[in-house]
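Chemist: Protein chains in written order, with the working numbering: chain A, 1 to 257; chain B, 1001 to 1269.
Calculated from the structure, these hints are not laboratory results. Hints are supplied without guarantee of correctness; some may be wrong.
[Claimed, not checked] Here are some, though not all, of the chain B residues that point toward chain A, as calculated from beta-carbon distances under 8 Å:
1) 1111
2) 1114
3) 1117
4) 1172
5) 1179
6) 1185
[Said to hold, decoys possible] Which chain B residues stay away from chain A? Per the calculated CB distances, all over 12 Å, these:
7) 1010
8) 1194
9) 1223
Note that CB positions come from ideal geometry on N, CA and C, so glycine has one too.
Given next are the chains, with one letter for each unit.
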Amino acid sequence: MNEILKFDNVKYFYQTKDDEIFALDNISFNVLEKEFVSIVGPSGCGKTTILSLIAGLLKPSSGEVILDGSNKIDRKKIGYMFQRDMLFEWRSVWKNITLGLELQKGKLDEKLALAEELLKKYNLYNFKNKKPRSLSGGMRQRVALIRTLVLEPKLLLLDEPFSALDYQTRLTLCDDVYEIIKSEKKTAILVTHDISEAISMSDKIIVLTSRPARVKDEIRLNLKGETPLRKREDSSFSGCFEKIWRELTNEEKSENS
Amino acid sequence: MKKKAKIVNFSLSHKKYVKKLRQDKFIVIFFRIFVLVAFLGLWELLTYTNVLDPFFVSSPSRIIAQLGDMIASGTLWHHTWVTLYETLIGFFIATVLGYLIAVLLWWNEKVRKIFEPYIVVLNSLPKIALGPVIILWVGAGTNAIILMCVLICIVITTMTMLSAFVNCDEGKILLLKSMNANKFQILWKLVLPSSMKDFISVLKINVGMSFVGSIMGEYLTSKAGLGYLIVYGGQIFKIDLVMSATFVLCILAFVIYSLVSLLERIYKK
């Protein structure tokens, strides 16, 4: 499989008036096409920084981020999904999902057809002309995902997209998103602090240390099960959880000492 | 919601609840009208029986007579139109200009920081203090009045809109940036539409403020208008005239405010 993303010894410093914050220290990893990779780490360790670097919203202080063979980030290859759905309340569902096409002046018939198809496929077509306020939290996140998919990104960046939802919606949406990503054959990077979510969805998990973040461990997973919910029943699930849990708690202990 | 409500069979307690709501609403409207009628009635009664001297406080019947005279002679329309014209022009110029300045200041952070203290000072300066200067610059008359009106409204328009623009959801800006939007697109697709609510409250504030501006302008320098009538009436001790002009002013402000509210309701749909 082709390599779609590569971090090569990336360092990143945040500059503030009276301090320089060392956020990322020599981060190296890669993501292959159609892989689902999760990044877990103690809170505030710089997970979102990594996504911002991939999206080209930040530039690495040193080292290289190579997206699809080039170190010049082409944002058209990226789809970014946030913790909050960021739907525009004054636009209808349809106007929300075609927002990116409007920006890129790419309201081509085929793209619009894709948008319609995705709406139908994920049971939102009846809400096409509704305003987001009449949708439930889970539906809103699905709209946000479709808004991202319509642009046909090569790489999806998911920044804790489920953490604002209640537990039940969260598990269901997890399954939905997983299925959508797999059936659309997308590559995805998920940032989360929920270990079981990471295990149930990913092909690979990258565990980060506390700040400045380094790659502590890379874990390849091979859980049986069609959906994330089924994968939670796999026998190796708890062992995996145990391992990552210990790695993260050790981090926090060493941080406190 | 209304459609749903028709299908459901309501329980007795719900019917009672709805009935009570309707009763409460009726009571509010009834007493609203009652307060007005009582106030006018008492006023009329006290002046009719000479407990209060109508020379100083006027009376409803005298105001009606005064308005009748002015309608018959056609002067009421003239004065009302003059004030309305000044107010609307001032309102329009101040709103558009203030809005554009706010956009400009949002666009360039350095410019914004440079002008911040000046805007704060201008905001707290009582604009009436500029009266003599305005007359010297643009001459006595309609222009001076409109300028006064603009000065009063424009600073608050700029300040309110600018703070609405600056407080735009950072996350949504980030979303647009991740979709490769340029600054103009961020302004046009996000910052302006998301601040519509604030814009409508600015319009509401400006309705009141632009009347303050035009009446104050007419106090300073005028040959016609409701403010002119009030000053003139005061000078010749004709309180009926002062009260009549104030009454018309109340109605005018109410009508324009209702128009803005209508605009708000249309937008909310």
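Chemist: Hint validation: residue 1117/B versus chain A, beta carbon distance must be below 8 Å. Holds or violated?
Modeler: violated (21 Å)
Chemist: Per the CB criterion, is residue 1111/B less than 8 Å away from chain A?
Modeler: This interface hint is violated because 21 Å lies over the 8 Å limit.
Chemist: Run the C-beta distances from residue 1194/B to all of chain A and say if the shortest one exceeds 12 Å.
Modeler: violated (7 Å)
Chemist: Compute the least Cβ-Cβ separation between residue 1223/B and chain A, then decide whether it is above 12 Å.
Modeler: Non-interface label stands for residue 1223/B: nearest chain A Cβ at 46 Å, farther than 12 Å.
Chemist: Is the hint on residue 1179/B kept, meaning its closest Cβ partner in chain A is under 8 Å away?
Modeler: This hint holds: residue 1179/B lies near chain A, its Cβ roughly 5 Å from the closest one there, short of 8 Å.
Chemist: Minimum Cβ separation between residue 1010/B and chain A greater than 12 Å?
Modeler: At about 24 Å from chain A, residue 1010/B clears the 12 Å cut-off, so the statement holds.
Chemist: Hint residue 1172/B vs chain A: min CB-CB distance below 8 Å?
Modeler: holds (5 Å)
Chemist: The hint names residue 1114/B as touching chain A; please verify it with the least Cβ-Cβ distance against 8 Å.
Modeler: At 19 Å from the nearest chain A Cβ, residue 1114/B fails the 8 Å test, so the hint is violated.
Chemist: For the hint on residue 1185/B, does the least C-beta distance to chain A fall short of 8 Å?
Modeler: holds (6 Å)
In this structure, the hints that do not hold are numbers 1, 2, 3, 8, in rising order.
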